[in-house]
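> Residue numbers (numbering that gives the first Met the number 0), protein chains in the order written: chain A, 0 to 322; chain B, 0 to 276.
These aren't lab readings, by the way, just hints derived from the structure by calculation.
Computed from a predicted model, the values in this text were never measured in an experiment.
Where a beta carbon is used, it is the ideal one built from N, C-alpha and C, also for glycine.
Among the clues, some could well be false.
Sample of chain B residues at the chain A side, in silico, Cβ under 7 Å [unchecked claim]:
1) L53
2) R69
3) P90
4) P105
5) L254
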Amino acid sequence: MSWSLGALVLVLFVVTLCVGTFQVSVVDAFRIIGGAQIQGATFVVWDLRLPRALTAVGVGAAFGLSGAIFQTLVRNPLASPDIIGITSGASAAAVVAITMFGLNPALAAPVAFAGALVTATLIYTLAWRGAVSGYRLVLVGIGMAAVLNAVVSYAMTRAEVTDAAEALVWLTGSLNASTWSRLPGLFLPLAVLLPAALVLARPLRGLQLGDDLAAGLGVRTERSKVVLIVVAVGLAAIATAAAGPVAFVAFVSGPIARRLARGSGLALVPAALVGASVVLAADFVGAQLLGGVRMPVGIITGVVGAPFLLWLLAQSNRTGRGG
Amino acid sequence: MEHHGLAAESLTLGYDSRVVVPDLSVVVPPGKITVIVGANACGKSTLLRGLARLLAPSGGRVLLDGKDIRSRSTRDVARVLGLLPQTPIAPEGITVADLVGRGRHPHQGWLRQWGPEDDVAVADALEATGTADLAERSVDELSGGQRQRVWIAMALAQQTDLLLLDEPTTFLDVAHQIEVLDLLCGLNRSSGRTIVMVLHDLNLSARYADHLIAMKQGQIHSQGSPQEVVTAAGVEDVFGLRCRVIDDPETGTPLMVPIAAPHLIGPGRFGVRSGVA
Chain A
0 MSWSLGALVL VLFVVTLCVG TFQVSVVDAF RIIGGAQIQG ATFVVWDLRL PRALTAVGVG
60 AAFGLSGAIF QTLVRNPLAS PDIIGITSGA SAAAVVAITM FGLNPALAAP VAFAGALVTA
120 TLIYTLAWRG AVSGYRLVLV GIGMAAVLNA VVSYAMTRAE VTDAAEALVW LTGSLNASTW
180 SRLPGLFLPL AVLLPAALVL ARPLRGLQLG DDLAAGLGVR TERSKVVLIV VAVGLAAIAT
240 AAAGPVAFVA FVSGPIARRL ARGSGLALVP AALVGASVVL AADFVGAQLL GGVRMPVGII
300 TGVVGAPFLL WLLAQSNRTG RGG
Chain B
0 MEHHGLAAES LTLGYDSRVV VPDLSVVVPP GKITVIVGAN ACGKSTLLRG LARLLAPSGG
60 RVLLDGKDIR SRSTRDVARV LGLLPQTPIA PEGITVADLV GRGRHPHQGW LRQWGPEDDV
120 AVADALEATG TADLAERSVD ELSGGQRQRV WIAMALAQQT DLLLLDEPTT FLDVAHQIEV
180 LDLLCGLNRS SGRTIVMVLH DLNLSARYAD HLIAMKQGQI HSQGSPQEVV TAAGVEDVFG
240 LRCRVIDDPE TGTPLMVPIA APHLIGPGRF GVRSGVA
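Using the sequences and the hints, build the whole thing.
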């Protein structure tokens, strides 16, 4: 399963590099990646499309993995970081820092990370009743997301026009700001967090069976949960810092991956690959749809993701699993 | 299988500040089936969770092989003590083989991944519970009885001498209750595993237990062989139910028959009470 999804990511990646207002052949694209200088094409592929596509892959994988970890940990598909306010926390911190404290937008990533972490801690504390119940966590998180979105709106109405334009990327996810210089900010943390997430999948396999059984199997439940949440929050935060809160990617990737990889456990790697595919595809569609105007990727994922959310809600109500 | 000793020493258990089990001491007889019975909310599940180190005691300690269970790493403990909670959660779409394989968790590590002995342990567990032909099926599709056997298989794959089960027969119809208890009894007789379980049904408890523990208000009311514990006076004291105790015609173990209300006896009914006050 992971292999075919990996192939899909690769195909979408190459298509993104080649197709557009300026067409480049697949061969040329590979030659440019290999270092060849081709008049016009090198600028388009190397300087514009490649960092954008790499950002899409990194952001999508991070969101997909983060969502899958949250959903598995809380045992609730609604518990993804974009629904329970984690990405809103990152956005709110960044927007407030940019518009109210005049922060250089290029330095917003650490602030966004801190915002996400603080939000997660708040949600965890508010939902805590001896242990964290999934349903409480989701309800508290949705409330938190609403509050944080209000904070963002307030900050935007009070902001200078130029600051607001800079902060806009934090409202709708977009890859428009992707450049080579910003890639390390995404991929260095990813290089730590992706392996960490896969290593931590071991206790997650126990936690999936309920806290009591996990403890009986020798999992240190509360400690594992906290570490997993920190890693998942970190993934969501760096993805948000790189491309803004790309709507619903974290939310849809896990369920899609689990349906594709039926019966084969956690499906964390497939979730990351689905996330990368979704962002790549959505950005490609956003670029092609209106000719010259590039639609922010978050609008496309939002349009696709919202009906999925409704479907999932209807589905879970029918089967009585309460979301 | 080598036996491991499990005991509680002045154990005090509770949730938040509410004490459910105050100052309880007990020794689990090794190699035997111990059944804990008692009225609702008497603390029997709490005691089981305490013995399985799922609840941190507010006083006293649980001893595993004579040493405080908390002094050993939880993974070490998980290699000798297995637990099946009352309502374990099967992830959506998981296959039987995958679920049973999760029981191998304490035997694996960051470096030691899945190996041949894990395959053997899973195959043995499926075999012992008669679920081998279900291995590739999704757990969602199974009947209640099959599902419970799969969970027991998961606990068996853990290969622990001590096996603690919290009401393994709840939600099962009477035939499947017998099936599960026969399975557990067979495991005890064939491999000598020490089994501790909480059961609701007093008559089934008396039939399957080597050692019966009756609890009342967080304390051990009485313990011993079923004959010693299941007496008319004992049942009335523990459950607040008046009854007669007769011999189970199948096994000779005590069988509790509740005293009938007056309107159930008399003209028009076929049963008439005899010889009891």
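> Does each hint hold? Answer for all of them.
Verification of the hints:
1. L53: Holds: closest Cβ of chain A sits about 5 Å from B:L53, inside 7 Å.
2. R69: Result: violated, 12 Å to nearest chain A Cβ.
3. P90: Nearest chain A Cβ about 5 Å off; hint holds.
4. P105: Check passed: Cβ of B:P105 comes within 4 Å of chain A, closer than 7 Å.
5. L254: The hint is violated - B:L254 has no Cβ within 7 Å of chain A, the shortest such distance being about 33 Å.
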